[in-house]
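Colleague: With the hints as your guide, set chain B onto chain P.
Protein sequences appear in the order of chains P and B.
FYI, the UniProt record's numbering numbers position 195 of the first sequence as 195, with every residue one higher than the one before it.
FYI, the UniProt record's numbering numbers position 230 of the second sequence as 230, with every residue one higher than the one before it.
Treat the hints with care, as some may be off.
To be verified - What the simulated footprint calls covered on chain B by chain P, stretch by stretch (three residues with Cβ under 8 Å from a Cβ of chain P suffice, anywhere in the stretch; the number is not a length): (1) 3-13; (2) 188-197; (3) 257-264.
Bear in mind the hints are in silico, worked out from the structure with no lab data behind them.
From the three backbone atoms N, C-alpha and C, an ideal C-beta is built for every residue, glycine too.
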Amino acid sequence: MGTRVFGEPVRRREDGRLLTGRGRYLDDLGRDALAAAFVRSPHAHARITDIDVSEALDVDGLVAVYTFEDLPGRIGERLPLLIPHPALTHGRTGYPLARDVVRHVGEPVAMVVARDRYLAEDAAERVRVDYEPLPAVVGIEAASRAERLVHDDVPGNVGAVLVQETGDAAAAIRAAPHVLEFRLAIERSASMPLEGRGVYARWDADDGSLRVYSSTQASTGVRAAIAARLGLPTGKVEVIAPDVGGGFGVKIVHPWPEEILVPWAARLLDREIKWTEDRREHFVSAAHERGQLQDVRVGFDGDGRVLGLDVRIRHDHGAYTPYGIIIPIVTSTQLLGPYKIGAYRAEVVSLYTNTLIVTPYRGAGRPQGVFCMERTMDRIARHLGLDRADVRAANLIQPDEFPYDQGLTFQDGRPLIYDSGDYPELLRKAKAMIGWDGFGAERAAAASRGRRLGIGLGVYVEGTGVGPYEGGHVEIDTAGRVHVSTGLTSQGQGHETVFAQIAAAELGVPIGDVHVTTGDTRRFGYAVGTFASRAAVMSGNAIALACRKVRDKALRIAAEALEADPRDLDITDGVVHVRGDVSAAVPLRTVAVLSNPLRYAFDEETARATQFAVGRPVTEPPIAAGEEPGLEGRDYYSPVRSTFAAGAHAAVVEVDPDTAEIAILRYAVVHDCGRLINPMVVEGQIHGGVAQGIGGALYERMAYDESGQLLNASFMDFLMPYATEIPRIRTGHLETPSPLNPLGIKGAGEAGVIPVSAVIASAVEDAEGVRVDAMPLSPDALHTLRQRAAADPSLIVRAE
Amino acid sequence: MKPPPFGYRAPVTLDEALDALAARPSGKVLAGGQSLIPLLNMRLAAPPELVDINRVAELDTLHVGDGGVRVGALARHTRVERSAAAAAVQPLLRRALRHVAHPVIRNRGTVVGSLAHADPAAELPAVLAVLDGTVDAASTRGRRTIPAADFFVGPLEPALEPGELAVSAYFPAAPPRTGTAFMETARRHGDYAIAGVAAVVTLDDDLRVSAARAGYLGISATPLVLDLTGAAGPHGDWTAAAAHVRDTVDPVADIHAGAAYRRHLTGVLTERALKRAAAEALRKAED
Chain P
1 MGTRVFGEPV
11 RRREDGRLLT
21 GRGRYLDDLG
31 RDALAAAFVR
41 SPHAHARITD
51 IDVSEALDVD
61 GLVAVYTFED
71 LPGRIGERLP
81 LLIPHPALTH
91 GRTGYPLARD
101 VVRHVGEPVA
111 MVVARDRYLA
121 EDAAERVRVD
131 YEPLPAVVGI
141 EAASRAERLV
151 HDDVPGNVGA
161 VLVQETGDAA
171 AAIRAAPHVL
181 EFRLAIERSA
191 SMPLEGRGVY
201 ARWDADDGSL
211 RVYSSTQAST
221 GVRAAIAARL
231 GLPTGKVEVI
241 APDVGGGFGV
251 KIVHPWPEEI
261 LVPWAARLLD
271 REIKWTEDRR
281 EHFVSAAHER
291 GQLQDVRVGF
301 DGDGRVLGLD
311 VRIRHDHGAY
321 TPYGIIIPIV
331 TSTQLLGPYK
341 IGAYRAEVVS
351 LYTNTLIVTP
361 YRGAGRPQGV
371 FCMERTMDRI
381 ARHLGLDRAD
391 VRAANLIQPD
401 EFPYDQGLTF
411 QDGRPLIYDS
421 GDYPELLRKA
431 KAMIGWDGFG
441 AERAAAASRG
451 RRLGIGLGVY
461 VEGTGVGPYE
471 GGHVEIDTAG
481 RVHVSTGLTS
491 QGQGHETVFA
501 QIAAAELGVP
511 IGDVHVTTGD
521 TRRFGYAVGT
531 FASRAAVMSG
541 NAIALACRKV
551 RDKALRIAAE
561 ALEADPRDLD
571 ITDGVVHVRG
581 DVSAAVPLRT
591 VAVLSNPLRY
601 AFDEETARAT
611 QFAVGRPVTE
621 PPIAAGEEPG
631 LEGRDYYSPV
641 RSTFAAGAHA
651 AVVEVDPDTA
661 EIAILRYAVV
671 HDCGRLINPM
681 VVEGQIHGGV
691 AQGIGGALYE
701 RMAYDESGQL
711 LNASFMDFLM
721 PYATEIPRIR
731 TGHLETPSPL
741 NPLGIKGAGE
751 AGVIPVSAVI
761 ASAVEDAEGV
771 RVDAMPLSPD
781 ALHTLRQRAA
791 ADPSLIVRAE
Chain B
1 MKPPPFGYRA
11 PVTLDEALDA
21 LAARPSGKVL
31 AGGQSLIPLL
41 NMRLAAPPEL
51 VDINRVAELD
61 TLHVGDGGVR
71 VGALARHTRV
81 ERSAAAAAVQ
91 PLLRRALRHV
101 AHPVIRNRGT
111 VVGSLAHADP
121 AAELPAVLAV
131 LDGTVDAAST
141 RGRRTIPAAD
151 FFVGPLEPAL
161 EPGELAVSAY
171 FPAAPPRTGT
181 AFMETARRHG
191 DYAIAGVAAV
201 VTLDDDLRVS
211 AARAGYLGIS
221 ATPLVLDLTG
231 AAGPHGDWTA
241 AAAHVRDTVD
251 PVADIHAGAA
261 YRRHLTGVLT
271 ERALKRAAAE
281 ALRKAED
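With the rest of the complex left out, here is chain P (with noise of 0.2 Å):
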């Protein structure tokens, strides 16, 4: 490789743009179309038995309502369920407006569409639904006992029961010398990116063509699923993901209801229109992640190690299951973290309830598997009165064990198998970088002065990366710019400049000739998504291997040109060379004129391409046999399975004995994800992160009524935390490499958030001496805890 860039912390170059209000996001587009709106269901379940549009017409602008009755052949139907899986077998989607029965507060039930929002708002409140309620199910005990179904047509509100096994979980707990049963439980949260949900549509019609605009994670979905829905070939489709402000997993979900009906919308009346989802109706439309109830039983030995476990996962997925049972997937394989546990068995039970649906938000079911683990592994040691740095360091897979079978399958299909890691050191480190050993001393310290400290930590294995596939397109123009292009779409990580690096670092060009397009179906219309932490694995990849067939090709031309062995030449700042001898060179902006042989000039660059300038022989094809015009290539990268990033955290908390306050004094993260393209980017979504974890661990929570109605649903009182609740967070990075790429990488969008909960709850409970079993944990959680505790003693957890 030439120029240093793969590795350094180079300045994301998207950050000029949009922290000074450059960005282009979904509302900025199409400010002349007309607006939609959304009548949505008030009740959690109810039989619609009239609707009634009649005063709606009377507003001025009206433009056009529908309901489930307008709606034609395939734009009626059910929304797709996304993966299905075996286990699945009762998977329901709603319809793009509902049809007879609402399930969940917000679901939309007519479309309006007017000159402007203000104006759609007016008319969207002037229709008249009138609803037979039915009894709602909220809450994962409530769908478990099942005295009323979400769903007529499905029993116990189960869609899925999932068993994963490796070796004889019962047996291996009966004959361990230790045994404990336990229940955890997790609120719900939500990814709450501040840029909800838009859809943009602009109808053509004498191309009979359409160009959709989607603050979505995934164009190339998108694209394919309006495609389908509205009869359009693929090509007479493009979609685009602008500026995103931010995903963070709910994006990934498509076609939601809005991306067909607004296209559909916009063709049937051949008028451009827009909708741009409101922060209300993101509360109670979009998704949700998070809600668990998890039953442990765990056997283990003296020293802390893990003989036999059995988890019984029930997962609250809402009212319809588009995206399948990804999370509890996730959830119950991710939960072995990096340990070797004896035998393990999970069982995942996926239930209906009356709110809104549950989708991947950043963690995707890790936090819950990990939040699962390490508070086992805390239990294991306040019960042995072991350390609790010790007993994971006993459970830990060691770095001669690579790669590591854990028997399980994983969210691709693909057996659980780590790649690589040195988890012992990323321990090591954690407890290094917090001051784990001294910390008996600092406590001793503080609770002199009144003053209640305490300590966590939690370890965690991320596989990230997932396929199929994901592609780059690299362009070297005239003017020796370079054109980077991959399907995959971007909300904010960092992709400008971390797939820039890649190209000028397997190009030899300087970063400020790359250009970074992504989620642009105009420009590459092949990909998956951006979820997973897959983007840089996945795109990062099939860039650096279109880079490499662009040089190949750039070398050939030139050593034509410079008369020498292609294996004799460079590229350094752009310019192609002779190893050794600078001054035999050509830079690649001839390469590219040269490469594309010209009948017409139009400047005198263009002109050294012309039939009467270009040397190649006369009796050989102006291209050669098996070549393209352009410097340019194309390539994909499909991995055989998920490579594994891990990571420790570790905190010291201090808790009020009066308010039950609760503060992080300090945060300490190792992080591994193989070799580093940009650490600056690595730390950054750490951060950002560590910041929801925390939103997890302390604030976030729907607070949904037993009439399935959301309490709180606004930024007043839904409470994400604001800097002000985030510490300083100290980042250490290890590398161990992936073995299964090309570039040696692991993804890194997830790995802040996974761990934090169990840490806080680690650490909380170091400092009250009182069992944490359930987050998020508020003041007043706390509190009602050492009330508890104070009433049984069993509640009380051994020093160590």
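Modeller: Leaving out everything else, chain B in the frame of chain P:
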């Protein structure tokens, strides 16, 4: 989240503003808009008309005298918070204002607007109440002064008549040998408090407690003021005063905290705030 249609008037004098309110008594006054605009956008309020007083320069006032601080209807939180003169005369104002949301909100929001919004979880109503301050209201029918004890009728319900505009609020100065403290516990920095207390302690010439009062936010439908002079006794038994408060208050539960925790927290904050206020009173008395 777009408001329903509403009429809009932007008077430039107080008389014009009062005329506009008299013409449409069900109209709402728009000052800083930090509470009203979200209510409009969420369609939780649909007033036929907004009377925007942001151009009424004569309401953009802050007068500090020996007797107290008079805040005009257009004075932003930030202006009052940053006024050294106001802080010298009545330190509780600045102490409480620092807990009002975030700087960007305080740059727009007004003190009188916050009082007229009468949110029982807000800081300023509790401050006005514990200080026995007043609100001046004007209409085309005339002016009147409303004591704090009468001003807060219910949650989001001030004692303003239709057509009436709160033109100023008066926060009396702290008497000699008086200390104050403001404490609250919120889920996040800048949130409405789960519970909060504004404490005022005055000592006599012999440094005995002659008055101890506490104003509470977040625990009742209107700001609660408790006279704790008796419960604390002349020597300032703040633990006893806090116990008395715990026994007295009847907090409500919401999604952020239950009643039992709020009761407990109110006691903790009471003791801490009274201690701090008494310490300040002692320092002042000894100066």
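Colleague: So, for every hint listed, does it hold in this structure?
Modeller: Against the structure, the hints come out as follows:
{"no.": "1", "hint": "3-13", "verdict": "holds (count 3)"}
{"no.": "2", "hint": "188-197", "verdict": "holds (count 6)"}
{"no.": "3", "hint": "257-264", "verdict": "holds (count 5)"}
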